[in-house]
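Protein chains: 2
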Amino acid sequence: MSVEPQRGRAPSIRDVARLAGVSHQTVSRVLNHHPSIRPETKQRVLDVMAELQYKPNRAARALVTSRSRTIGILSASSTQYGPASSIAAIEAAARAAGYWVSTANIESSDAGSIADGLAHLAAQGIEGLVVIAPQVRVFDTLAQLSIDVPYVTLQSTGRDPDHAMSVDQMAGARLATRHLIQLGHRSIYHLAGPQDWIEAEARMRGFLDEMGAHDVPTTAPILGDWTAEFGYYAGRELLTVRDFTAIFSSNDQMALGLMHAIRDAGLEIPRDISIVGFDDIPEAAHFWPPLTTVRQDFAELGRRCVALLLGDLDPAAPDYRGTIVPELIVRASTGPAAF
Amino acid sequence: MSVEPQRGRAPSIRDVARLAGVSHQTVSRVLNHHPSIRPETKQRVLDVMAELQYKPNRAARALVTSRSRTIGILSASSTQYGPASSIAAIEAAARAAGYWVSTANIESSDAGSIADGLAHLAAQGIEGLVVIAPQVRVFDTLAQLSIDVPYVTLQSTGRDPDHAMSVDQMAGARLATRHLIQLGHRSIYHLAGPQDWIEAEARMRGFLDEMGAHDVPTTAPILGDWTAEFGYYAGRELLTVRDFTAIFSSNDQMALGLMHAIRDAGLEIPRDISIVGFDDIPEAAHFWPPLTTVRQDFAELGRRCVALLLGDLDPAAPDYRGTIVPELIVRASTGPAAF
DNA sequence: CCGGCATGTGTGACCGTGAACATGCCCAAC
DNA sequence: GTTGGGCATGTTCACGGTCACACATGCCGG
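Line by line, the protein sequences give chains Z and D.
Residue numbers for the first sequence follow this note's numbering, so the first one is 1 and each next one is one higher.
Residue numbers for the second sequence follow this note's numbering, so the first one is 340 and each next one is one higher.
One should not assume that every hint holds.
Claimed, not checked - Derived DEER-like restraints, expressed as beta-carbon distance ranges:
| no. | chain 1 | residue 1 | chain 2 | residue 2 | range |
| --- | --- | --- | --- | --- | --- |
| 1 | D | Val669 | Z | Val136 | 41 to 49 Å |
| 2 | D | Ser367 | Z | Ser23 | 48 to 56 Å |
| 3 | D | Ala458 | Z | Arg9 | 16 to 24 Å |
| 4 | Z | Gly21 | D | Val403 | 24 to 32 Å |
| 5 | Z | Val136 | D | Val403 | 35 to 43 Å |
To be verified - From the derived model, a few chain Z residues whose C-beta atoms are all more than 10 Å from chain D:
| no. | residue |
| --- | --- |
| 6 | Gly21 |
| 7 | Leu31 |
| 8 | Pro39 |
| 9 | Arg58 |
| 10 | Ser146 |
| 11 | Asp215 |
| 12 | Leu239 |
| 13 | His260 |
| 14 | Val330 |
Just so you know, these hints were derived from the structure itself, not from any lab.
Note that this is a predicted model, so its numbers are computed, not measured.
Glycine is no exception: its CB is placed at the ideal position from the N, C-alpha and C atoms.
Please build the complete structure, drawing on both the sequences and the hints.
What follows is the structure, encoded as structure tokens:
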């Protein structure tokens, strides 16, 4: 009887079984923490596993259980701080729960690109999906491809509590808006995110609601693309008229661009114009001037997101439902209204 | 003979075979573009596949071929623009080549955290590894875990051309340094990255070499952690002495923090102090003042990285070896030396 | 006219794991 | 003393692909 380790192949449970003098099924039971295994048998098996540096074969397991233990992330703008932080947190949380994460980034948000990304994820049999992207289009595409998988969105308007793990974006936006109103601002612009991002919409609604609650008249929000570049050009446009004293930007990058445009025009922040951002990226504290913004806990968001998803997958998993309350961080980019 | 689709399970090649009136092996041949299949047979199989929405089962394929077609990324600081951009590009390139990507982020760079991340990747049988992290420790850990997988590092000092896909970091650092020297600066500090990041070391060496080449005396670089926060505090420290007219920061975030500290001290950039960054993150153009920096093409880097890895994996893949030349972007944060 | 080879297709084994079912044993309850 | 049930373990099969090999057919050359 040969007890030699195989040549090329990694050791399998059968190799372990042979060396431990048990059946492969007993090894499998040890792996899966089956209750009725004699402690000494279990120990013997564990010893052999350690000796052989046995590692379970994920593909084999996935095949027989038809469970991939993989969560997919469909992400746009993954180079931005917010999405990137959430992705990192999702990955960490998933790993802690014994899941793997596979990411598909979409560069453009056209339907084809989304479909490609989703197909790529679907092809590996993801068990859950986190969407950090223009959500409306993603869900349309999901339906078209008849991919049926539990999903979670990172943000929400509160409409769809089963699928959304929300930092309360609306509350955050209201916080930011109220801050400006309380400083005496009455003509406030809102630089929003892309139209089909649900969080952009939520922030916009928070802005509009708060303005309405204080009977402050509003102008139509400007739809941006999250980039500093856009903020800069939007700022240049706005300054040709200059009928406002404050701008609430729906993220920090666009706020940075705005501030650049405002300084270029020879104006001072916050003396002439106040700016509020959203996200509190780590750099925001070092902008000039340091940016007043709304802090989101992206990491907590990512963690809860996974918990919510695993709640569908694994009824035993803890459920952290409930919104995360964002926090207004007042720095130097806001001040009393000039007129 | 039942030709009904199965209840719960997804269709398999055997289902396709039955409906197309061929053997499962023929279906497999169609999937793998085997040359000798009659066109009409092939078409019939393809039609049935489309009708059934057949999707190959990745786990089954991985099991039998013992190839996962998965590339692992071990990443630290994945929320920073540089790593995040490279990850996105790697993912795109891998996807285009029919590979999947799995990421493990490490929060702290201690050995335990690295080992966890690597074990997680190894457990899914990655075929290649991209390291965007403190590389020295990673390789030690790889060896300890006796994980044997082709790997690539994103950056390099040029020492290890087989495993490194390099933007020529040293050349970039020399570009930045030369720019300052040519502006007349003679006392220049370098704010470096963490010690065990190879790109940090490369940039540092580039700085030192260029200074040496011009016979400019140097002080010891300050070792930072890539964050704006660190840049800010390092700046405050440095300004207590103020024996310099320029600082070359090894990334843009730290440069941002430096500029904040300099303004806090009542000094002006670049009148009193010039600052050069590294990376050219999209926000750098909107810093105050807009930052002179070295542009790296992170996306190209990611793409080549995958190509290099696949070169080991798949001899047919194109090989883009050769360094990418970084580019100095002169903006408003640098000017002639004040004294 | 037959052997050899290319072409097109089918049969059966196998990859590593887990589930269902079977087995043998011990102990308690009737 | 038989029966029944839990425990610890083994046997067999299935998962959905690919691979090695077998086989039928047709064409070509000696």
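Legend entry - Hints the structure fails to honour: 2, 9, 10, 13
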